[in-house]
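**Student:** Here is how the chains run, residue by residue.
There are 2 protein chains.
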Amino acid sequence: MAKAKNKMVEGARQALAIARGGKVKGFRVHEPKDLDVRAIRAATKLSQAQFASRFGFSVRTLQEWEQRREVATGAARALLRVIAHDPAAVERALVS
Amino acid sequence: MAKAKNKMVEGARQALAIARGGKVKGFRVHEPKDLDVRAIRAATKLSQAQFASRFGFSVRTLQEWEQRREVATGAARALLRVIAHDPAAVERALVS
DNA sequence: TTCTGTTATACGTGAAAAGCGTATAAGCGG
DNA sequence: CCGCTTATACGCTTTTCACGTATAACAGAA
Chain A
7 MAKAKNKMVE GARQALAIAR GGKVKGFRVH EPKDLDVRAI RAATKLSQAQ
57 FASRFGFSVR TLQEWEQRRE VATGAARALL RVIAHDPAAV ERALVS
Chain B
7 MAKAKNKMVE GARQALAIAR GGKVKGFRVH EPKDLDVRAI RAATKLSQAQ
57 FASRFGFSVR TLQEWEQRRE VATGAARALL RVIAHDPAAV ERALVS
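Just so you know, the protein sequences line up as chains A and B, in that order. First residue of the first sequence? That's 7 in this note's numbering, and the numbers climb one at a time after it. First residue of the second sequence? That's 7 in this note's numbering, and the numbers climb one at a time after it.
Take these hints with a grain of salt, some might be off.
Identical chains blur together in the list; that is why a pair holds if it fits in one copy or across any two.
In silico SDA-like links for lysine to any residue, alpha-carbon gap of 25 Å or less [to be verified]:
id	residue 1	residue 2
1	K51	R74
2	K51	R98
3	K51	R66
4	K51	D40
In short, the hints are calculated from the structure, not lab data. A quick note: this is a predicted structure, and the numbers were derived from the prediction, not measured.
Modelling step: build the complete structure from the supplied sequences, incorporating the hints.
**Tutor:** What follows is the structure, encoded as structure tokens:
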């Protein structure tokens, strides 16, 4: 039950974070936490190893994300969304 | 939102065209570790708070990077490079 | 001028989580 | 059988980030 409690606390903490971020003036980017990393990679038809090395992280980390054992950090989620939305832009930036 | 997902998958599918049309398989992206995060942010003319919330991380983390107290992870570095190279593309991906 | 309310930036502390190397193993097409 | 892809365990290193405090630079009010 210590576990359940931690979960609740964590949930509350996140809600707080969202509430805070939501009121930043101007534009706050809405970030869905339920990113389907596997689907994004699948669309690229790259293997885990290829996808990982191409975009700058380890295979191990990618697996953690795909298998939902760990959640990608904010920046990583943002990157994944850009890859999903416009992979060409990412390729261009990283190749140059 | 199944729609949103399809959109992302569709977008990612473009990677294919590039991956195949361009170089051969498995080219690796080189990543300079000495990223000048402050300069990248300066180019966007955003405050630390704005920059951080817009791209998905905390102000504190951004400061760690700018002051070189900590190094951004691979995915974060990749994101920063994309922001430096084509910030509009990132905005587009995150706003949708 | 002086007080006062932003706004931007710096940083100590510490818990939680992510990042990731290495090793091992199973499934599969060739 | 071999090589490639993916899954998983173990475990150590590093980052992330909340919370709090502190310091300037400014702008407008008193």
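**Student:** Which hints, by number, does the structure contradict?
**Tutor:** none
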